[in-house]
Structure formats: C-alpha cells, structure tokens
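Numbering-wise, the sequence shown is residues 28 to 139 according to our numbering.
Calculated from the structure, these hints are not laboratory results. Treat each hint with caution, since some may be false.
[As the list claims (entries may be wrong)] Simulated crosslink set (DMTMM-like; lysine to aspartate or glutamate; CA at most 20 Å straight-line):
(1) LYS121 with GLU74
(2) LYS121 with ASP72
(3) LYS33 with ASP71
(4) LYS121 with ASP71
(5) LYS33 with ASP72
(6) LYS33 with GLU74
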Amino acid sequence: MELSDKICEAVSEMMNQHHSLYPILSPVVAQMLLAQLPKNVSADDCESAIVYAGAFTILSITQALDDNELASFDAGTLKLDFRERNDSFAQIAKQLMAPWCNDRTAFCGVRT
28 MELSDKICEA
38 VSEMMNQHHS
48 LYPILSPVVA
58 QMLLAQLPKN
68 VSADDCESAI
78 VYAGAFTILS
88 ITQALDDNEL
98 ASFDAGTLKL
108 DFRERNDSFA
118 QIAKQLMAPW
128 CNDRTAFCGV
138 RT
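Put together the whole structure using the sequences plus the hints.
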C-alpha cells in the first residue's frame, strides 16, 4: 500500500468518515512530509509518524476549510493560505515528525 493511501486510510479511520478531499490531499501531504526528512532518514524509518502526521495535517486543512478560514487559494501553484489560528492538529503533526526533522519543518503555513 502506498504511503498516501495509508495516510488517507488513517485520517478516514480517525474521523470515522471519508471526506472527498482526503484522497486528493493525501499524496500532496505525503510528498510534503517526505521532503522534510533529512537525507539520512528514509520513509521506512518513520513510516508510522509520517502516516499519522499526514492524517493530522489533512485534518488541519479540512477543519480550516470547514471553518471558512481559507484566506486564499491558487490552483495554479496548489497554494492554500489560511488565516492565523491556534491549530492543535498541525502541532500534533509537528511533534510526530520532530524526531526525524531536526527542527526544520513547516506544515501548511505553520512555520517552525
């Protein structure tokens, strides 16, 4: 099973529902998280963390969309800008990935 499929499955299980955006967002989120890994860390080293960090990142995005917190959307560059808010899902994702990312990770507009 692909990493993006595992992320999609995890977020669906966490919410006990399937959102139409999950399969669209999961490959993008998977690539975003993989890009944050240092060169000496493989996806296999931290697969569970990536899967659940991806699920929480998707929850963060869909919650912001559901709460009408989307400030702008640019389909040409796949850029989503959200209004500033306290986002516990993004914080959980950050904490899950922290052991592998050496304090240099950004999650969907939440800079560290």
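Tested hints:
Between LYS121 and GLU74, the direct Cα distance comes to roughly 14 Å. Compliance with the 20 Å bound is thereby established for this hinted pair. Of the pairs offered as hints, the one joining LYS121 and ASP72 holds, with about 17 Å between alpha carbons and a cut-off of 20 Å not exceeded. The straight-line distance between the Cα atoms of LYS33 and ASP71 is roughly 13 Å, inside the 20 Å bound, and the hint therefore holds. Among the hinted pairs, LYS121 with ASP71 is consistent with the structure: their alpha-carbon atoms are about 18 Å apart, no more than 20 Å.
Annotation: proposed proximity of LYS33 to ASP72 holds, straight-line Cα distance about 15 Å (limit 20 Å). For a cut-off of 20 Å, the pair hint linking LYS33 to GLU74 stands: about 10 Å separates their Cα positions.
In terms of the numbered hints stated before, the structure departs from none.
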